[in-house]
Structures are given as structure tokens and as C-alpha cells.
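**Q** Given these sequences and hints, build the entire structure.
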Amino acid sequence: DSGVTQTPKHLITATGQRVTLRCSPRSGDLSVYWYQQSLDQGLQFLIQYYNGEERAKGNILERFSAQQFPDLHSELNLSSLELGDSALYFCASGGGLLGPQHFGDGTRLSIL
Amino acid sequence: TQLLEQSPQFLSIQEGENLTVYCNSSSVFSSLQWYRQEPGEGPVLLVTVVTGGEVKKLKRLTFQFGDARKDSSLHITAAQPGDTGLYLCAAGGAGSYQLTFGKGTKLSVIP
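Each protein sequence line maps, in turn, to chains A and B. If you count by our numbering, then the first sequence holds residues 1 to 112, one letter each, in order. If you count by our numbering, then the second sequence holds residues 1 to 111, one letter each, in order.
These are computed hints drawn from the structure, not numbers from a lab. For each residue, glycine too, the CB sits at the ideal point set by N, CA and C. Hints are not guaranteed to be accurate.
[Unchecked claim] Calculated from the model, a selection of chain B residues having no Cβ within reach of chain A, i.e. all distances over 10 Å:
1. S7
2. G66
3. L88
4. P111
[What the hints assert, rightly or not] Pairs of lysine-lysine, DSS-like flavour, derived with a Cα cap of 25 Å:
5. B:K56 <-> B:K70
6. B:K56 <-> B:K106
7. B:K106 <-> B:K70
8. B:K59 <-> B:K106
9. B:K106 <-> B:K57
10. A:K9 <-> B:K106
11. B:K103 <-> A:K9
12. B:K70 <-> B:K103
13. B:K57 <-> B:K103
14. A:K57 <-> B:K103
15. B:K57 <-> B:K70
16. A:K57 <-> B:K70
**A** Written out as C-alpha cells, the structure reads:
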């Protein structure tokens, strides 16, 4: 058990819809990272928050946004969903320059 | 953006065999991490290497960081079915908290 909790585990929705994925980091971790994992692209970094502030941005689409709340949980919002957004979405916490990132078990998003 | 190439993409071996998987880049890494991911779970960190030429051992797993800090390898001795999973390498740039992941090597160890 990594200590990182992601909900929901599975999400099935239709094109054009909007969904919110939730992540609770490990106790004491200030950083939250979001990743997208697909078969062809592998694990792609989307965005990082540190203590409520955006710290780094990766390959995140404009249709996607995230935030980190005062209690340090984070939400990833995906809107105007397309078939190609079907993927596993992972949240990780911890990190630091050489530290490990602790991953949740992911949310599997399926767009029909 | 650093690009990490992992090889082979897929590897299927018999229990008890040895294997090596590779992670290469044209860029220099400040550090490199290896993760293992099992189906239905997130990646779990195995090791972090920092110094060029560094070798780290974790039971039957041996990790090596290239002298020029552009490549790394993971060697597994006497593979077990429990070693089955997706092995990912991830690199961080100097002063960066962001990790770039390779696409991984999917290992199947057949009993």
C-alpha cells in the first residue's frame, strides 16, 4: 500500500463529457503529480502541484486542469472528452530531487 | 525533453533464467530511477542511481548506471514468476522534480 488514494477506480463516460479524478497524497507529502498512461505513449507527466501551487507542467492538454486544495488532496478535471483520452490516470506524491514518487493505483478512464 | 528508450519492449523467459533490460538516452541524466508496475497497480520504486558507474544490488536485481550517465541496465538473476511486471526507467533533469519515463519492458516469467 503506497498510501496514495485515487478515486474512482474506474470511470466510463461518453465523448464530450467532463469528469473529475481525485487523489489523496501520502500523509506528510506536499507534492502531487499527475500522469497519463496509455499503451502507445507510456507514462506521461501531466502536472505537478506543491503545497497548493502549480510547480511544473508537462504534456497536459488545455482541456485538462488540476488543482490542489488546502488539505493537500488534488483533483484532475478532464473536459470535452475525446476517445483518445481513454487511459489510466495516475497520481503520485512525494518525490523531491532524488526521492521516490509514491503512486496510487490509478483511475481507468474509458470513453465510449 | 529527455527521451528514454527501453529495450526490449517485451521479454518472456522461463523461471530460473537470467535477463538484462536496458534504458538509453542521448541526454545526460542527473539521476535515474527504476520502477516496477504490476497489473492494476501503480509503479513502485526499486532503486535510484545518481553517480556514473554506480552499481546497486537489490537481492537478485543488479542495477548499473553508465559512466556517462546516459544509460542504465537492470539485470535479474534466476528470474522468478514474482518478477513478472512492467519495468520502467525514469530520469530527472538537473534541478528538476519532473520525471520522464521510458515506455517500459514488459517481463513475463513462466513457471
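**Q** If a hint holds in the structure, say so; if it doesn't, say that too.
**A** Taking the hints in turn, this is what the structure says about them:
| no. | hint | verdict |
| --- | --- | --- |
| 1 | S7 | holds, 13 Å |
| 2 | G66 | holds, 18 Å |
| 3 | L88 | violated, 7 Å |
| 4 | P111 | holds, 26 Å |
| 5 | B:K56 <-> B:K70 | holds, 17 Å |
| 6 | B:K56 <-> B:K106 | holds, 22 Å |
| 7 | B:K106 <-> B:K70 | holds, 22 Å |
| 8 | B:K59 <-> B:K106 | holds, 20 Å |
| 9 | B:K106 <-> B:K57 | holds, 21 Å |
| 10 | A:K9 <-> B:K106 | holds, 23 Å |
| 11 | B:K103 <-> A:K9 | holds, 23 Å |
| 12 | B:K70 <-> B:K103 | holds, 16 Å |
| 13 | B:K57 <-> B:K103 | holds, 23 Å |
| 14 | A:K57 <-> B:K103 | holds, 20 Å |
| 15 | B:K57 <-> B:K70 | holds, 20 Å |
| 16 | A:K57 <-> B:K70 | holds, 24 Å |
When the structure is compared with the earlier hints, a violation turns up for hint 3 alone.
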